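Generate coordinates for the entire structure from the input sequences, incorporating the hints supplied.
Protein chains: 2
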Amino acid sequence: MFSLSEENYLKAIFHLQKNSEAGVSTNALAEEMQTKASSVTDMIKKLSEKKLVIYEKYRGVYLSETGRKTALQIVRKHRLWEVFLVEKLGFSWDEVHEVAEELEHIKSEKLISELDKFLNYPKRDPHGDPIPDAKGHFQVANKTLLSNLSKGEKGTLVGVKDSSSEFLKYLDKNAIALGKTIEVLDKEDFDGSMLIQLKEKSLRISPMVSSNIYIKI
Amino acid sequence: MFSLSEENYLKAIFHLQKNSEAGVSTNALAEEMQTKASSVTDMIKKLSEKKLVIYEKYRGVYLSETGRKTALQIVRKHRLWEVFLVEKLGFSWDEVHEVAEELEHIKSEKLISELDKFLNYPKRDPHGDPIPDAKGHFQVANKTLLSNLSKGEKGTLVGVKDSSSEFLKYLDKNAIALGKTIEVLDKEDFDGSMLIQLKEKSLRISPMVSSNIYIKI
DNA sequence: GCTAGTTTTTAGACTTGCCTAAATATTTTA
DNA sequence: TAAAATATTTAGGCAAGTCTAAAAACTAGC
Ligand SMILES: [Mn+2]
Ligand SMILES: [Mn+2]
Ligand SMILES: [Mn+2]
Ligand SMILES: [Mn+2]
Numbered sequence: 002m003f004s005l006s007e008e009n010y011l012k013a014i015f016h017l018q019k020n021s022e023a024g025v026s027t028n029a030l031a032e033e034m035q036t037k038a039s040s041v042t043d044m045i046k047k048l049s050e051k052k053l054v055i056y057e058k059y060r061g062v063y064l065s066e067t068g069r070k071t072a073l074q075i076v077r078k079h080r081l082w083e084v085f086l087v088e089k090l091g092f093s094w095d096e097v098h099e100v101a102e103e104l105e106h107i108k109s110e111k112l113i114s115e116l117d118k119f120l121n122y123p124k125r126d127p128h129g130d131p132i133p134d135a136k137g138h139f140q141v142a143n144k145t146l147l148s149n150l151s152k153g154e155k156g157t158l159v160g161v162k163d164s165s166s167e168f169l170k171y172l173d174k175n176a177i178a179l180g181k182t183i184e185v186l187d188k189e190d191f192d193g194s195m196l197i198q199l200k201e202k203s204l205r206i207s208p209m210v211s212s213n214i215y216i217k218i
Numbered sequence: 002m003f004s005l006s007e008e009n010y011l012k013a014i015f016h017l018q019k020n021s022e023a024g025v026s027t028n029a030l031a032e033e034m035q036t037k038a039s040s041v042t043d044m045i046k047k048l049s050e051k052k053l054v055i056y057e058k059y060r061g062v063y064l065s066e067t068g069r070k071t072a073l074q075i076v077r078k079h080r081l082w083e084v085f086l087v088e089k090l091g092f093s094w095d096e097v098h099e100v101a102e103e104l105e106h107i108k109s110e111k112l113i114s115e116l117d118k119f120l121n122y123p124k125r126d127p128h129g130d131p132i133p134d135a136k137g138h139f140q141v142a143n144k145t146l147l148s149n150l151s152k153g154e155k156g157t158l159v160g161v162k163d164s165s166s167e168f169l170k171y172l173d174k175n176a177i178a179l180g181k182t183i184e185v186l187d188k189e190d191f192d193g194s195m196l197i198q199l200k201e202k203s204l205r206i207s208p209m210v211s212s213n214i215y216i217k218i
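Protein chains in written order, with the working numbering: chain A, 2 to 218; chain B, 2 to 218.
Errors might be hidden in some of the hints.
Which copy is meant is left open, so a pair is good if it fits within one copy or across any two.
Claimed, not checked - PhoX-like, lysine-lysine: derived pairs with alpha carbons at most 25 Å apart: (1) Lys111 / Lys89; (2) Lys170 / Lys108; (3) Lys136 / Lys58; (4) Lys170 / Lys200; (5) Lys118 / Lys70; (6) Lys136 / Lys108; (7) Lys89 / Lys108; (8) Lys200 / Lys152; (9) Lys89 / Lys124; (10) Lys174 / Lys52; (11) Lys202 / Lys47; (12) Lys118 / Lys89; (13) Lys170 / Lys111.
The hints are simulated quantities; they were obtained by calculation from the structure and are not laboratory data.
Bear in mind the structure is a predicted one, so any value in this text is a computation, not a measurement.
Take a look at the structure:
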């Protein structure tokens, strides 16, 4: 149906589109795709001809309805494979992204529906992100960044914004994991750093950490 | 490491090489790869520069030691994924080939070693073909084609030569499956057709069928 | 052993996806 | 609001992998 490159672009536009109302800029997409702006322009033209995106020169790009559906299916596959890798093959959450990045492009409806069944229809991936169903529907959790909490507030860790291996390893090292309860013992006005309480210990974290952790109060 | 196309060529050469001592001809490879002879020549040159094959113009092509090892790893991945699809996801043996054809190219050592473990280190794929281990070792079964048996001989079905969906569906329809005992009740000299005895019934089969079934006596 | 037929290679071209450099459009700043 | 800075697009090119047509090399038949 679509080439590997086309699929990766669609997914990238989808992820960038979430962050704002405006169209996705060429440079933002180039950054995300680790390529040059001129290459992005080429690809956008192609996707536009295929009616997968809506594009006006210099005005940024938007996913069309078809484009959005396609992107959601790729996201679905990516996240289902991540669950498989962690639940069945014993990967840790910082090892799955790269492999899922390849597996998400395997073309087989049956493979994905059977995998979904085999995994018992999981609702979230190992990073707390929602898994769209076969129709592209998924529930948006009401969550907030840990950095938004004030002293005394507490909640449950339900996701991470940054899924880089480096960040996830930092969390592992400090026993910060999905489902854990976190309470803000203190928040420093000057730099936004926090003292947080985990089950067994307290810990001081920088705003770079607290602004990449999603909490459900 | 290697491109998708390079990997598919290596695997094709590997499979064709099994059938004879001689080098693999350009046309045979073109047929197998569903492409043109001129494209094959181009690719062979490339593989030859990369020392994956031994190639002399007009003389056919052979896998080098490195090429053979690479091909064996791809075959290993292909067959492990086939086992996964049948054992874990409920695919039938005639549905797995195409999907495995894509899955075999996913690049991750850990993925394959963990998958192997998850599947409990299977020795054969759903078509009875041996699965090479991480070092490329595998056991060659002593098997013979059903068409080589004479009247009165019997054995166990241990593999199929043709794994096309059409042939496998024919076998399913007639309850011919891996592990079944088959006895040759009669063999027609004129056209080689056979009357065979399965557990619950007897059946007449053409040489096109009997010459694609492997038997262990 | 020569020649006709077959196989293989070469030559030149196309598509996809990428690049650099240059041109053009938009946005910011003074 | 016009120049300066920034963002985006265009132009031209490259590598991989494929194709068609033509040339060259093998192989069989006489
Ligand atoms: Mn990807
Ligand atoms: Mn994820
Ligand atoms: Mn393949
Ligand atoms: Mn098989």
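Taking the hints in turn, this is what the structure says about them:
In this homomeric assembly, Lys111 and Lys89 come within 25 Å of each other (Cα to Cα) both inside a single copy, at 19 Å, and across copies, at 13 Å. Taking CA atoms no more than 25 Å apart as the test, Lys170 paired with Lys108 passes between copies only; the shortest distance there is 22 Å, against 32 Å inside one copy. Proximity of Lys136 to Lys58 under the C-alpha cut-off of 25 Å is found in neither arrangement, the shortest distances being 32 Å within a copy and 53 Å between copies. Taking CA atoms no more than 25 Å apart as the test, Lys170 paired with Lys200 passes inside one copy only; the shortest distance there is 19 Å, against 57 Å between copies.
Within a single copy, Lys118 and Lys70 get their C-alpha atoms as close as 21 Å, which meets the 25 Å cut-off; across copies the closest is 35 Å, which misses it. In this assembly of identical chains, Lys136 and Lys108 lie within 25 Å of each other by CA distance solely inside one copy; the values are 16 Å within and 29 Å between copies. With identical chains, the CA atoms of Lys89 and Lys108 are at most 25 Å apart both within one copy (21 Å) and between copies (18 Å). Only within a single protomer do Lys200 and Lys152 lie at most 25 Å apart by alpha-carbon distance; the minimum there is 17 Å, versus 75 Å between protomers.
For a Cα distance limit of 25 Å, the shortest separation of Lys89 from Lys124 qualifies both inside one copy, at 16 Å, and across copies, at 20 Å. In the homo-oligomer, the alpha carbons of Lys174 and Lys52 never lie at most 25 Å apart, since the shortest distance is 46 Å inside one protomer and 44 Å across protomers. For the identical chains of this complex, Lys202 and Lys47 are neighbours neither inside a copy (53 Å) nor across copies (59 Å), given an alpha-carbon limit of 25 Å. Proximity of Lys118 to Lys89 under the C-alpha cut-off of 25 Å is found in both arrangements, the shortest distances being 13 Å within a copy and 10 Å between copies.
Within a single copy, Lys170 and Lys111 get their C-alpha atoms only as close as 34 Å, which misses the 25 Å cut-off; across copies the closest is 18 Å, which meets it.
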